[in-house]
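Asker: Sequence:
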Amino acid sequence: MQAVMKHKIGLLPLIILAIILGVVAGNFFQEGLVRVFVTFNAIFGQFLGFMVPLIIVGLVTPAIANIGEGAGRMLIATVVLAYADTVIAGLIGYGTGTIFFPSMVESAQGFAPEKAVELATYFDIKIPPLLDVMSALVLSFVMGLGIIYTHAGNLQNIFNEFQDIVGMVIAKVIIPLLPIYIFGIFTNMTFTGQAYRILAVFAQIILVIVVLHIFILIYEFVVAGGLTHRNPFRLLWRMLPAYLTALGTSSSAATIPVTLRQTIRNGVGEHIAGFTIPLCATIHMPGSMMKITCCALTVCLINGMPHDFPLFLNFMLLLAVCMVAGPGVPGGAIMAALGPLASVLGFNSDMQALMIALYIAMDSFGTACNVTGDGAIAIIINRMFHKGRNIPVE
15 MQAVMKHKIG
25 LLPLIILAII
35 LGVVAGNFFQ
45 EGLVRVFVTF
55 NAIFGQFLGF
65 MVPLIIVGLV
75 TPAIANIGEG
85 AGRMLIATVV
95 LAYADTVIAG
105 LIGYGTGTIF
115 FPSMVESAQG
125 FAPEKAVELA
135 TYFDIKIPPL
145 LDVMSALVLS
155 FVMGLGIIYT
165 HAGNLQNIFN
175 EFQDIVGMVI
185 AKVIIPLLPI
195 YIFGIFTNMT
205 FTGQAYRILA
215 VFAQIILVIV
225 VLHIFILIYE
235 FVVAGGLTHR
245 NPFRLLWRML
255 PAYLTALGTS
265 SSAATIPVTL
275 RQTIRNGVGE
285 HIAGFTIPLC
295 ATIHMPGSMM
305 KITCCALTVC
315 LINGMPHDFP
325 LFLNFMLLLA
335 VCMVAGPGVP
345 GGAIMAALGP
355 LASVLGFNSD
365 MQALMIALYI
375 AMDSFGTACN
385 VTGDGAIAII
395 INRMFHKGRN
405 IPVE
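Quick note on the numbering used here: the sequence shown kicks off at 15 and runs consecutively.
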């Protein structure tokens with residue numbers, strides 16, 4: 015039934031509905047009933063913690079192995095550009111956040127809880143992870159690069175099948191249970207008086223994130239236009255169909271045909287566009303990076319956690335690698351981010367659940383920013399490797 019509802023209603027409306035119902039329920043439920051959801055969330059949080067290292071190994075390892083196929087100068091240049099742009103987008107989000115977010119968090123102090131009650135679970139179930147996050151990430155690098163250099167086809171097939179299993183668990187278990195999990199989070203936060211402050215803060219943060227998405231696209235195409243001596247706004251305008259398609263589908267993969275067509279119309283050679291666009295759909299995630307960084311910074315500010323620049327730089331450098339596997343599964347970017355959120359920033363399961371809810375609420379904007387920016391990367395790669403000039407198709 016949950017799966018049927020998910021397909022009929024969509025995950026985003028379910029998440030929004032879960033938040034609204036959680037806020038309402040937190041005002042009316044008795045403590046005993048709230049503790050039922052606190053208990054469910056504790057068990058689900060343990061399962062999520064168990065799955066995070068497996069998600070990293072199952073998604074990142076085959077992603078690295080597959081990217082390495084056909085390695086060459088163009089591949090290296092595309093990967094470096096995509097990685098650098100993804101990290102720069104995170105730096106823009108962090109820099110903007112450090113300027114504006116503290117005052118926004120401060121302005122919501124009037125919504126601070128009068129009662130800081132922490133409800134206990136009825137019982138606990140411990141599900142220790144098989145690996146910690148850093149061990150999982152190092153293992154992914156070792157196995158992914160090892161597969162590339164030893165041409166271990168059988169091992170690559172094993173990890174591809176493991177990726178299918180992990181993707182199935184995310185799609186069939188984690189994603190369908192997320193609305194219940196987030197309902198429990200907001201029911202508990204409302205009962206303890208914390209929800210209104212968090213919602214008041216993020217109502218302002220979301221507006222900043224939407225503006226930053228536009229700013230990132232402008233700077234990407236200004237750079238691409240400057241390097242090719244072409245009008246950046248005309249280049250960006252031609253990518254509008256890809257932006258709107260991604261806004262509607264929330265899928266980088268589903269938007270590839272449109273992104274490819276518009277990139278060719280921007281004068282990129284067909285063979286270069288055919289190489290860079292599918293690759294960038296997997297590794298180029300500036301919109302997602304900026305969004306996750308802004309939300310993580312806000313959660314740190316709300317909870318009085320460390321948020322200095324070296325800490326967040328470490329987080330962003332690691333996140334840019336982990337998100338390589340993001341487009342392959344529903345909510346893949348934020349699922350891949352759970353590892354760095356826990357290991358670098360110290361987020362607990364409740365904070366991770368809040369991040370998931372916020373990310374999904376803005377998912378389509380991040381995806382649209384990602385795929386539109388792919389066109390800018392393709393223009394730069396075309397300038398570096400293509401002999402001669404292409405005439406844009408109007």
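The hints are simulated quantities; they were obtained by calculation from the structure and are not laboratory data.
Treat the hints with caution; some may be incorrect.
Stated by the list, open to error - Taking CB as the label site, the calculated pair distances span:
hint: 1; residue 1: Pro292; residue 2: Leu35; range: 17 to 25 Å
hint: 2; residue 1: Gly46; residue 2: Gly288; range: 57 to 65 Å
hint: 3; residue 1: Ala166; residue 2: Lys186; range: 45 to 53 Å
hint: 4; residue 1: Val236; residue 2: Asn174; range: 38 to 46 Å
hint: 5; residue 1: Pro142; residue 2: Leu191; range: 15 to 23 Å
Just so it is clear, CB atoms sit at the ideal spot from N, CA and C, and this is done for glycine as well.
Asker: Are there hints from earlier that the structure breaks, and if so, what are their numbers?
Answerer: 1 and 3
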